[in-house]
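First to last, the protein sequences are chains V and P. Taking the UniProt record's numbering, the leading residue of the first sequence gets 1, the next gets one more, and so forth. Taking the UniProt record's numbering, the leading residue of the second sequence gets 1, the next gets one more, and so forth.
No wet-lab data here; the hints were simulated from the structure. No experiment lies behind these values; they were computed from the predicted model shown. For each residue, glycine too, the CB sits at the ideal point set by N, CA and C. Hints are supplied without guarantee of correctness; some may be wrong.
[Said to hold, decoys possible] Selected chain V positions facing chain P (in silico; Cβ < 10 Å):
| id | residue |
| --- | --- |
| 1 | H216 |
| 2 | G223 |
| 3 | V247 |
| 4 | Y251 |
| 5 | G400 |
2 protein chains.
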Amino acid sequence: MAHLEQLDQYFKEQRDTHLEELNEFLRIPSISALSEHKADMQKAAEWLVQSFDAAGLENVSIDETDGHPVVYGDWLHAEGKPTILVYGHYDVQPVDPLELWDSPPFEPEVRDNKLFARGASDDKGQVFMHIKAVEALMKQSGKLPVNVKFLIEGEEEVGSPNLEKYIRENKDKLAADIIVISDTGMQGPGQPAVCYGLRGLTGVQIDVKGAKGDLHSGLYGGGVQNPLHAIVELLASFRDKEGTIAVEGFYDNVRELTEEERAAYEALGFDEEALKEEIDVPALFGEKGFSYLEQTWARPTLEINGLFGGFSGEGIKTVLPSEAGAKITCRLVPDQDPDEIVEKLKAHIEKHKPAGVTVTVTEFDKGKPFITPFDHPAIQAAGRSYEKVYHVPTAYTRGGGSIPIVAAFDEILELPVVLMGFGLSTENFHAPNEHFHLENFDQGLRVIGDYYYEIESFSKEELKK
Amino acid sequence: MAHLEQLDQYFKEQRDTHLEELNEFLRIPSISALSEHKADMQKAAEWLVQSFDAAGLENVSIDETDGHPVVYGDWLHAEGKPTILVYGHYDVQPVDPLELWDSPPFEPEVRDNKLFARGASDDKGQVFMHIKAVEALMKQSGKLPVNVKFLIEGEEEVGSPNLEKYIRENKDKLAADIIVISDTGMQGPGQPAVCYGLRGLTGVQIDVKGAKGDLHSGLYGGGVQNPLHAIVELLASFRDKEGTIAVEGFYDNVRELTEEERAAYEALGFDEEALKEEIDVPALFGEKGFSYLEQTWARPTLEINGLFGGFSGEGIKTVLPSEAGAKITCRLVPDQDPDEIVEKLKAHIEKHKPAGVTVTVTEFDKGKPFITPFDHPAIQAAGRSYEKVYHVPTAYTRGGGSIPIVAAFDEILELPVVLMGFGLSTENFHAPNEHFHLENFDQGLRVIGDYYYEIESFSKEELKK
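Okay, chain V solo, but in the shape it has when bound:
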């Protein structure tokens, strides 16, 4: 474990310098969603270039896309050894409402060993750690144990609209053995987690149309279908009272949890009672026969995200509205296919179409679920690296959410994806007072550095998905 001791020594010496450098990065208001920050996006990309150069990465370039640019750099001199593709993003969320920030979002400030700034946790802080891990290894031995490629994009917070095209067009340049992403959270304070799967997403908007205009409920009520009743009847048919989805064939391709996975989740000792209190609900509610973690990580959902029609102001308006609408999304798990599920939703709607109205269905964007097998060496290796630094068992988790670009990596590059994040769910990413716990910054640098040695020990063949 000599390399870990060396890394430890190095990061201790450099801590102040590193924090000052990270603050430079955080001071750039690279908000991808707001066009007035276009110049800041360029500035952040240039800051990365300079940082890549300093770390010893080569072939560093700012690659233009139809949106904000991608920054690339690599080091490919570990002949015969595996190649790690590191993905992250340098763009950040908007900062509204500004008045709720205790310190300005682009003036980083450390309070109570937490670094407060927009992007501190999501994702500049974590991107920075990867760069510094490379720099550390290069400074210490002039080389890396494995090959690396960095792909840091500027549009993650706006849905990565141009990245899939970039990946497709640069498939050879991006070829690697595994992909590592640090943009997810740990299981809790001091509890490292490797995330090996994410749910996919698909959805539809349902629009129900009755009469050509709103009708007076006195004059017409009782003799004409009410689009709100129609949509309620239709929506009620999607699930039973216990939350099981009643769409024919919905569960057909759901990959069952393995015994190992169920045991791993069980071992996390997730406190359902604490969650209940935290979000303040009278009871948790989900598919029978599954724990909360199983329900949210490994089971698909069908949720109404929005429902609208008629009068929503104060008091009463006796209207039979002309239209009603609902937005529905499904979280999908391996091996459900978003296109197939949409077809099943449509068939269900056709079958349960209420009388006296017309129903229109519009598809939303789709994202595939992703999974790297639980027992894949790159997953288990990440767990070991965490354990060497944190000295507690690593949680092997899945994410209930969807990161569409991860599914795109999975699909286009056909590589195992390792999500090893250092954030905490309490760190207000996307909200005022975003911050990053610096103990995870410190420990994470060491974990990442160690992971390069862990991966060095596998052949490219062993890492195949």
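For chain V, the structure is supplied; the task is to place chain P on it using the hints.
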């Protein structure tokens, strides 16, 4: 029928004068909902006073209320004869959107024998006809065949918030044998109608609360109840697929239609196919075993008037909303009681409360249903007066809507209410380009004049409800 010929002669001679006078009334923008028109409300009340005086009414007064004033006048010298209480309103609806009016709303203009102005049909034009009918009889014979009292209010378009109190406090002053109101519509062009019943109204708002804040559907979806699903499940339980209301005891006190009523409605030859095309729905939809007119006039309803929760903007937002809400109203028929129905709704909600959320119920204002028996002499007399002038059979109808103040008259003064209106449903009351068909103005003056003689022939005893 000498009196009808005399009236005819008189109204012909006075037509231009009458129209000019009505235009004066219509030029006053007496919009009760907008405080900037407070002075106009006073001006309209004063216009009525002057008009009452000119007609020969006595004891004319502007009676203050907590809102806009009531205008009262009477003529009580037909000793031993019945007394008719005429109710109407001098306030009008707002005029937005102004740009959709073909001529300014408060500059009356006759086009194609229709008088265009806000209030032309609802209700200034019809109030004016009652005043002129009295004036005609007074001018011709110096007296009226019956006693009359006029009660014209200024807050009908804002829900008559102060009138019930006024009626209660002036019960003796308003004592009469029947109440006549011209504020409803005819059955169609050239087709007079006497309306002898109206539905009542009651309702509740249902609010469903899940977690204390919106939740991410990826992180929590599948393990927490979604308030939108909860409310959909609850709302779906209120009706079956055929529109029959599933609330226990809901139909208990519904007064069944008599054979005479069903035959009378059937005889109207209502064209359901034409309605379907007019409002542009694929099919009509209502309680089995009842015609459209029966469904909307004599059967109760339960309708969702508004439904809201989650995201309603463009595209997708993967949220499990913290809250969802619905507004429900019921149209009630005799002898349903609004308070009892609300209790039944609450019991239903309690029984069908979905798991994992809290449900709150808030009551809306209530209005009782009203009915004057179909065969009451004052109803049948109104029908005869119409027939003498229109020369076609009168339709005996009910209204599907609710006029809360009518139920209040019914309840407080315990008098038979006769709704004899001269408007047409196509006359855009409450909308731009409100107008009044002048043939109904002309014929209506004669109908009202004749009705005084019709009522003269009954004893006060015969008119008891």
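Structure versus earlier hints, numbers of those that do not hold, lowest first: 3, 4
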